[in-house]
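Colleague: Listed below are the residues making up each chain.
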Amino acid sequence: MMASAEQARFRVDYPNSRPRSSRIIALDDGSLSALLALKDHLWNGARFLRYLRAETISRQFPAIAVDARLEDTDGRWTSLRKEVAEADVIVMVATAGGSAREAAEVIGNTCAVLGKLATGLVLKTAEDEGLAITLRAMRPHAAMLVVSTGADYIGEMLTALRA
Amino acid sequence: MLRKEQNDFLTQTGPATAMGDFFRCYWIPALLAEELPEDNSPPIRVKVLSERLVAFRDSEGRYGLIDEFCAHRGVSLWFGRNEEGGIRCPYHGWKYDFTGQCIEVPSEPAESGFCNKIKLRSYPLIKVGEVLWTYMGPPQHKPPLPEWEFARVPAEQTFTSKRLQECNWLQAMEGGIDSSHVSWLHSGSLNSDPLFKGARGNQYNMSDRRPVFEVVDSDGGLFIGARRNAEEGRYYWRITPWVMPSFTMVPPRGDHPIHGHFWIPIDDENCWTWSFDYHPVRALTTEEREAMKQGKGIHVAYVPGTYRPRANKDNDYLMDREAQRRGTTYSGIEGIAMQDASLQESMGPIVDRTKENLVSTDNGIIMARHRLLKAAKALRERGIRPPGIDPAHQRVRSAAIVLPADQPYKSAAPEALVAVPGKAQASV
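Here the protein sequences line up with chains W and C, keeping their order.
Heads up, the first sequence is in the numbering used here, so the first residue is 956 and it goes up one at a time.
Heads up, the second sequence is in the numbering used here, so the first residue is 4 and it goes up one at a time.
If we strip away everything but chain C, and leave its shape as in the complex, we get (with noise of 0.2 Å):
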């Protein structure tokens, strides 16, 4: 449990909060690349961390994420006129550069420079793999870029999905790292899902349920190792990382790509659940790609023309009593994303951590916010740069692998654990 005092410092991330400053310390994905294509594409609606932002690209590539209104009247910049090196309100025809710089108010003389005068909030706005991430803290602190894995390999080798969660980013998050539900809410999919059947070690997953669980300190979070019997004298090790502000990686199955989440709040009652797949060494087959396109492993289906899943609160998430009673699914509903987020959904908006009654195998969780917890105060009382920023925290990899049962995986692996280039993951 947590105090309600605890739980608000936690959930809130809006400007001026002390989660929301810890979150302006890190490079965010903000957008797939694939919403701006091209020059001149239409604007987009952006909200993170609680603020209303609208992104562009101008007539010269160049990516703007600024302050979704116009500064003269207030009109969203949404219906926007993306025209030549800015973005114009077609209200009055006030014109903003991609830094949010006003360059143009036709009604007064252009000589008189009250343009100038004129700026919109605008944070930066960068392509890294297929995502476009933006940093919403103070410009003296701006960290390095981004070095996830998932984001910096070819792109024939990665795949990326975002979908609306409609819950608080911490309890969507606490899912990732809460390796003790995968052997009931998930226990259908291992053996159908296209990115998750064949594997050696679906095997050990099968034969020992009870999976028993180490979690251990990181530079940048924590790793949560669930150890299962092997051969004798032998465990199998799933350890996920997980890395400030919010960065999960699932351990891999045989050679299927890795997957991973990032959760970046929308507000404090929605957040982005952003999903990838990648390997390392290898391009994914069109059959790997078809099948993340078309939902399945961690990836899902949407209502078309939007990211809103198509499984969604308003359609009881396509509940299936009958796949439930069989035990395809093993809640009745479709799919790993979905099976997650309508269960995360289902807490509230904001979950009550006053009312929840945790259990030993809650440590991970239990660690997560306890790390998250002091990293923010420390920011907020003493100005320490939270863990999460530093480019080798980026370099993680979640790894499956059977070790001699009289060593620590964290460092009889520690190979398994880094992100090399070119180099495959630890997988059986």
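Isolated chain W (complex conformation) (with noise of 0.2 Å):
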């Protein structure tokens, strides 16, 4: 039984988990600069993008996205689909009142069909304006939604999943 402090000094030390893969996705300009102001500090290989467009499956079909196009902090492209598959953590970030709904729905989409996991986060002022449409938006698509009124909750966030 651990429930002394004798006995609890006898847990094994190691390192109990291997590094997570961490994708953190800006879905809009507001939420992409709080990422930026992140990037530079000490991460465990999290990478932080920013939704740029769906890719659909044709011009016939404009309304059936199959991909999307992500661009990284040095202004790369990516694609959804690859960026999900290596994660093992999938953060959405998005501004209150933003334009969230197409980047939330796709990801969204983009992680059932690849059996993982997103989290929503969302950014808000001290004024509700916005927020209900932005929630709408996300909540089918995030396992997790988080309101937050501070944008350093991201960086504390990611640093307790060890992102």
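Hints are computed from structural coordinates only; laboratory data are not their basis.
Bear in mind that the values here come from a model prediction, so they are computed numbers and not experimental data.
Heads up, the beta-carbon is just placed ideally off N, CA and C, and yes, glycines get one too.
As a list, the in silico SDA-like pairs of lysine to any residue whose alpha-carbon atoms are at most 20 Å apart: (1) C:Lys-7 <-> W:Gln-962; (2) C:Lys-7 <-> W:His-996; (3) C:Lys-358 <-> W:Asn-971; (4) C:Lys-358 <-> W:Gly-1000; (5) C:Lys-380 <-> W:Gly-1110; (6) C:Lys-377 <-> W:Asp-1107; (7) C:Lys-358 <-> W:Phe-965; (8) C:Lys-358 <-> W:Val-1044; (9) C:Lys-358 <-> W:Arg-975; (10) C:Lys-316 <-> W:Arg-966; (11) C:Lys-377 <-> W:Thr-1080; (12) C:Lys-7 <-> W:Arg-966; (13) C:Lys-380 <-> W:Thr-1114; (14) C:Lys-358 <-> W:Ser-977; (15) W:Lys-1071 <-> C:Asp-211; (16) C:Lys-380 <-> W:Asp-1107; (17) C:Lys-358 <-> W:Ser-959; (18) C:Lys-7 <-> W:Trp-998; (19) C:Lys-377 <-> W:Ala-1106; (20) C:Lys-50 <-> W:Ala-960; (21) W:Lys-1071 <-> C:Leu-361; (22) C:Lys-358 <-> W:Thr-1114; (23) C:Lys-316 <-> W:Arg-964; (24) W:Lys-1071 <-> C:Asp-365; (25) C:Lys-316 <-> W:Ala-960; (26) C:Lys-358 <-> W:Trp-998.
The following residues of chain C were derived to be distant from chain W, with all beta-carbon distances above 10 Å: (27) Thr-20; (28) Glu-107; (29) Pro-307; (30) Gly-386; (31) Ala-395.
Derived list of chain C stretches under chain W, where covered just means 3 residues or more per stretch with a C-beta under 8 Å from a C-beta of chain W: (32) 215-229; (33) 339-352; (34) 359-370.
With the hints as a guide, dock the two chains, each given alone in a separate frame, to form the complex.
Modeller: The structure is reproduced here in structure tokens:
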């Protein structure tokens, strides 16, 4: 039984997890600037990305997105499908009132197809303006949705998740 | 995970620590009123926030909470004689009033005024509801009296218990905001516990075991919403408020009383888990009150004469492997309270959070730690009084509601999350 300080000292000391692969995706301009402020911190391989646009099956079926174009913080393009496939942790970041609907849907669907869970983080100001719209857009696609008034929460959450 | 220095910061609550100062901003539960039932009751030892104190009720009904040890030779005043207007040390007869002021030193001439120079540290102790509350911070910052609804409804509508929990306060409290464990650890109790069973909401719980969570900042702390599918186009929401420093409420079920907790550090390796049940608009029934006294719901049965749970670490919490195999209890431990406490104590007195591997459903815990760190640092560095002191922050309720799928719970049901006297809880 561990329930004494003396016994707790005998907990085996070793790294009990391997590094996670994390993708943090800004869905709008407001959230992008919050991510850019974090990108130079020391992370365990987290990749900070920006959602650009959906890739559709063809011009004939513009409503059916099969992938999306993302951009990393160095301006290089990458594929949503590839990034999600490689990731253990996927976080979508949006600002309240931002244009998150399409991005959340495409990312959420990609996660569902690949058997991954997406977390949604909505940054809001003191007022609730636009929050309901953003939450409505993200709710069907996030297994966990967090609304925070502080942009500093992104870094705190990513650290807690070993991103 | 937390870095070691963050873990130390949040888990140390003794005098002069940052979190100790933080807790000392609030009125916190210190004793049950039943522990000092009448004037001149025997004194009670109280350890809270790593300070050893003694509580007594003098001949005029005034409550005192003072340094446990006589200023003369350090004798414990638990041995004291509760006499007319104060407590007297049995060793040499020094006597103290409810403020800790020494009022008699028999060996010195009364006219010398020597006793005026002796004063023990004391804290105010007041009765609100069935709880004696103390405030251990600077007198000039004493906050308004507690406004928690469970302590403000008439006595026949409320029941409060406390139990010793043999681990740090934070890992105990984190259990209260970790909604995702309920579908596992407590899965055997929804249909059997008399204080839970029979609610329509239980059906939503049982038919959708993978809830989706939404965590939202509130002025006093957080709301943590767990969403399950209900009828077509609607969600069943269970909403848990967390208010600083350590208050949570469990979402209600049907017309059962609402329940919740406070976690108050005794020292860094033990805490009191305070558990309450109340109904906003009706008296508790005889059956409900009896079930609570017997340790049902979130309460426990005690080792006689103590507030230590009968199932405790010394008897392996009365583990029943057969019940575990059958699934009547998921962990093999009987009772919701001890299902939680047994696992939280098993982490060790202060869990090493550098070794944990949190996942996205732990965001309630992550956010609570973040808010606590920020508030305690703002207090220490800039003197900013933390959230949860304002009585408006304390007038909260948990809720269990069904909402259209496109509505955020916080704005769709704001009235459900506010305690309004005489208004029933929002519950299905």
